[in-house]
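Student: Here the protein sequences come in this chain order: H, V and L. 1444 is the number that this note's numbering gives to position 202 of the first sequence; each next residue is one higher, with no gaps. 249 is the number that this note's numbering gives to position 241 of the second sequence; each next residue is one higher, with no gaps. 552 is the number that this note's numbering gives to position 509 of the third sequence; each next residue is one higher, with no gaps.
Just so you know, these hints were derived from the structure itself, not from any lab. Keep in mind that the hints are not guaranteed to be accurate.
Unchecked claim - In silico BS3-like cross-links for lysine-lysine, where the CA-CA straight-line distance does not exceed 27 Å: (1) H/Lys1365 x V/Lys227; (2) V/Lys60 x H/Lys1532; (3) L/Lys595 x L/Lys535; (4) H/Lys1541 x V/Lys278; (5) V/Lys290 x H/Lys1409; (6) V/Lys10 x V/Lys60; (7) V/Lys204 x L/Lys534; (8) V/Lys288 x H/Lys1446; (9) H/Lys1442 x H/Lys1506; (10) H/Lys1329 x H/Lys1415; (11) L/Lys547 x L/Lys501; (12) H/Lys1294 x V/Lys290; (13) H/Lys1506 x V/Lys196.
Here the structure is a predicted model, which is why all the values come from computation and not from measurement.
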Amino acid sequence: MSNTIWIFAEHQRGEITESSLELVCEGRRLAGLRRHELCALLFGHQIEALAKTLARYGAETVYLADHEVLATYHPELFTDMLAGLVKTYDPSILLLSSSILGQDLAPRVAARLRTNLVPNCDKLELSDEGLLLQTRLIYQNKIHTTVVCPGGKPQMATLAPGIAKIKESATPKEIRIVPVAPTDFLQPESQRIEVTGFIKADPKAVDISDAALIVSGGKGVQDDAGFQLIRGLADVLDATVAGSRMAVDNQWIDRTRQIGQSGKTVSPDLMISCGISGASAHIFGMRDTKTLIAINKDKAAPIMRLADLAVVGDLHEILPMLIERLRGINAPKA
Amino acid sequence: MKIIVCVKQIAQIYIQSGYDPTTNAMVGDGLVYILNPYDEFAVGEAIRQREKAGGGAVTVITLGHSRAEDALRWCLALGSDEAIHVLTPGAESLDSWTTASILANLIKPMEYDLLLFGKKAMDDEMGQVGTFVAELLNLPLVTAVIDIDLTSAGKFRVQRALERGDREEVTCPLPAAFTMEKTLTRTKYPTLPARKAAREMPIRQIDTHSLGPFPTLPKMVTLRLAQPKVKPKKILAPDSAMSDADRMKFIMTGGMGNKKGGTVGGNAEKIVSSIIDFLKEKMLLKAQF
Amino acid sequence: MQWNHPANETYFGFHGYSLMWLILIIGLSFFGLTMFKRYRLIRLGKPDPRFSDLGRRVMALLMDGILQRRQPRYLLAGIPHILIFWGFLIFGLHSIDLIVGGLRHGDTLPFMDGFFGAAYNSLKDIFQLVVLAACIVAVYQRAVVRPKRYQDSHHFEAYLVLGLIAFLMLSDIFYGGSKLFSENTGPGFLIAAQVSKSILSATSPESAKIINQLSYWLHILCFFFFLNLLPMSKHFHIITALPNVFFKNLLPGTIKPPQWNTQDIEQLDEAGAETFNDFTWKHILDFYSCTECGRCTDNCPANAVGKPLSPKKITMEIRDFGYKHSSLFKTNALTNGIILGEVVQDEAFWSCTTCGACEQECPVFIEHIDKIVELRRRRVLMDSAFPPEIEQIYRNMEIYGDAWGTGPALRADWTRGLSVKTAQSTGNIDVLYWVGCAGSFDSRSQQVAVSFIKILQKAGVNYATLGLEEHCCGDYARRTGNEYLFQVLAKKNIEILHKYDISKIVVACPHGYNTIKNEYPQLGGHFEVVHATEFILGLINGGRLPLFKELKKIIAYHDPCYLGRHNGIYEIPRKIISSIPGASIVEAERHKDKSFCCGAGGGHFWMKSSGTRINDARTAQLLEKSPEMLTTGCPYCLIMLDDGIESREMKGQVLVKDIIEVIADLI
């Protein structure tokens, strides 16, 4: 068994994903504990430049598989390749991110390798024997448990998002790139699955708990005519409409669009919240919002303290103008 | 169509009761046992597939303590045709490889077109038994499925859930294994006659020993169980209108931290410009996506 | 110049005597045929035991049937009806007298001579005028006043009957008058006859004689015509109302079990009502007895806020369906005659809050709630088709034992720091405090539970709670139609109560109170159950709870449906409030048994509500007399009124408290 820590890096739209950067940093930290080598695996098409990014964050070797057939994720192919590489190079530790892709790929690889996988870890340590001590939340975040898999070769885990801090390496090494050819690992008889289509979420129809962009309205909207402004803003931003309990009680939106304790939990990248004061029950449902713009007449409303941009003003005056301006900006885009 | 669904009965625990740190086991009064929600989606989908195919059978299998029979009876009341209970009286929860090898040995000689699992169990949240069983039985596997259909050529065509509500369409031949995410259609609440039939149906009970021998596979060892620490964010205090239980939930999940964000006011023009600048700065405008 | 009795005359070759027999036979035959059809229909109904407690039933017959205790609740319609009804009771003998007279060649019934006859006939005559006047008032009411509750009624039929009654009066008055004209004297002092006699005096003796004969025969014909009309119209109640009152439901607040001869639902393959004959014979008698008065719908809170529920319409339409599809020989049209979803729409019966106002008002004691619950049972237990938001509640109750889905482990959280005794650790208690799910899990109701503990501890009561072992009482499950879940919960609770040897229970929630007291006996749970207000009044009267502080407030008390109407507890909460130094009560116009539901019952606490909400309407009513505080004795009413005050943004101005809290603050 070689003293290497492998991490599987993912990329999207020409960039390494945030969770993969976290993964590299965590890998670097672990590698530093026992003087292990940190290697990254990168599968894709026309992604050579990304190897350099991985180097900046501490990867020493990158197993790069750059081929047209890897342009999008294919479970069986990626499994065959990753498992095949592990069998060939025998790393001690293999880590993936707990992303949707990771949740699919990691168990497949663990199954192929007949090793243990501990998913969604929020803390990783190394024992004296070099085993991973994996800590994670179970029972829906109610219990913290630490486990170890003495017989697992390689030691496998997926890392929960938001755990590791993303920081470039103070001492980046010269990257060694090992090209990998998919054809070496392709087993046609195991290729039974075919990915035949991709359906992008429609902001109007998607469940609000999945939505990336949300425009929400509450009591301050006052009436259905006012809520039309909310819908108009969502339209121009290609965002999803949601609201507080007030909006549901007043029948401006359906109950499936209610954010809050008795409604749904949302985690958008951006939320523009209009006329919502921010009662705890509502905040409970939107606490995972990444960026929050809150528009409210009352600057002391609880939600204003939580906003990245607190806008003190009347949404009935602001929204029409905002919609106009945004329409103008979006128009040139075909 | 013949469908097999593997289900698990899980314990629902609470923050103040549920585990004993000295014995590393789940204990306490007020423990509630439920059918794993993702497994119920799987059962629902299985029944739907049987209806669509115009016939067949849905067999549910569980590995567990004798009280897991309640979960099987519920699956029967939902419309399953047959139930098998592999009794594991000792250990509360077996690890993934142990579970998978028992299930694989049980299922191997059975006839089926479709093998379903829930995406993950909400107790240990490992989410890999389905994948391991598919590997042991050499079945094509698709995870996080929300809808199943058959093509005219007799292959499965499924939709699986990606991030943010996006979906992927995948095809594969029969027989196949899927792990189920929250499905588009739901089960119907059991009727009175369904409950009666479920009560009276005999459940096949099997001892794990009779399913051996099992391959040697590595085991996971639990070192420690503890209550998680409250996330150290400065949170908005939950208001008194919330019940104790909700307040606990709120604090445990960290609420929402106070931000050091900017404030804008003034006339509408100024505000709108500030908002647009903010969006541009954060690279959040559609044109920038 | 004594004329012959009209029955002794010959008309176109036919002797009056044979004419009389002819009319009698034809009239009675057709009547008998129709009655037979109606009887066959009732026989299709399911069993329903209504012969218990005969003494109470006779009392009910007297007070509500004969004395018509409920009628004056609507004065303008009620008084005339009482008079017409008593009139009919009196006329019965006279009609027989007239008919028998025709069959006995003019001789009246033997005991009609002498003093009795005189007294009776004088009374009868007075009542004839009274009834005539009442008919005029009734026509005025229907044609001019046009009360909203008469909507959907068969108006033509109503006018026809009023006309027939008036005609019966007039024809008899003129018969009497013409007889008086001929014989100069009659039995007793016949005031009506005197009046008509003076009118006849203005005509010739020949005309008077014609009128004598005409009025007699027309009266007889009209009588039999009316008789035959009865079972074909809403006036069947004339025959069925008294039996319907006799067979009324003597058990307050209870819903009938799914089947009377099988209590355990696990033995049944079917439950609920889908077709006409899924109802019991008593239900069918109810349908027969509907007078279309509309008092039920007029008091229905769901109807008042525009929901598509009209108990009157439901009853009428099922009855009309039954009449239409019943024949002498074949009644299988009815076994396939689907009521559920066809004659009665889902939106209608799902809107019901089971408040009981309809049953409180109905002068013939029709039981609406049972039928609505039976329709719901079919939808829930057989069709699996019910408002979607209820399903999660059912799952929560089944898995966690409470509608909130919080779970048994957290049920006693509200007791932290209060040293509340539990049955698990205390033996030999005097009374068990049944907290209920609202008190255990809802943050507002928890405050009330804490207040009650304060009262129990201050008064030194030897009490305990069931701690974590209490389960939802099952009231909502039952009333939304999930009888299976209700029985699962009830049986579990009864088992636990027996385990701890509980005999006396005090409950703060009227729903729990009603269910444990009145419905658990159906499943073998017999306990002595009191409501918290009864218990508190007992403590106050026994001197165990001296009220030290003053409360100078104007208080309006809202009667919860399950405490008031369903269980008759009206005065006790008021007595409690009166015993508070400084407090004064104002009553909303709709109070006591006319109270207006808060809107939470019948499962509606958990259902989506569109349009004007019932609780908003009720809050407005309670605020009529500008009280400073609203009080009630039910956790759900409390939450609904709280919500009502908040949505009017009067949160600081008008306090909303449970009586338990009010008292706890003063000790």
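Student: So, for every hint listed, does it hold in this structure?
Tutor: Cross-check of the supplied hints:
1. H/Lys1365 x V/Lys227: Since the Cα atoms of H/Lys1365 and V/Lys227 sit roughly 20 Å apart, the hinted pair holds (cutoff 27 Å).
2. V/Lys60 x H/Lys1532: violated (42 Å)
3. L/Lys595 x L/Lys535: The hint is violated at about 45 Å.
4. H/Lys1541 x V/Lys278: holds (17 Å)
5. V/Lys290 x H/Lys1409: holds (20 Å)
6. V/Lys10 x V/Lys60: holds (12 Å)
7. V/Lys204 x L/Lys534: holds (17 Å)
8. V/Lys288 x H/Lys1446: It holds: about 24 Å lies between the C-alpha atoms, which stays within 27 Å.
9. H/Lys1442 x H/Lys1506: With Cα atoms ~21 Å apart, H/Lys1442 and H/Lys1506 stay inside 27 Å; holds.
10. H/Lys1329 x H/Lys1415: holds (26 Å)
11. L/Lys547 x L/Lys501: This hinted pair holds, its Cα atoms lying about 20 Å apart.
12. H/Lys1294 x V/Lys290: holds (25 Å)
13. H/Lys1506 x V/Lys196: Holds: H/Lys1506 and V/Lys196 sit about 22 Å apart, inside 27 Å.
Checked against the numbered hints given earlier, the structure breaks hints 2 and 3 and satisfies all the rest.
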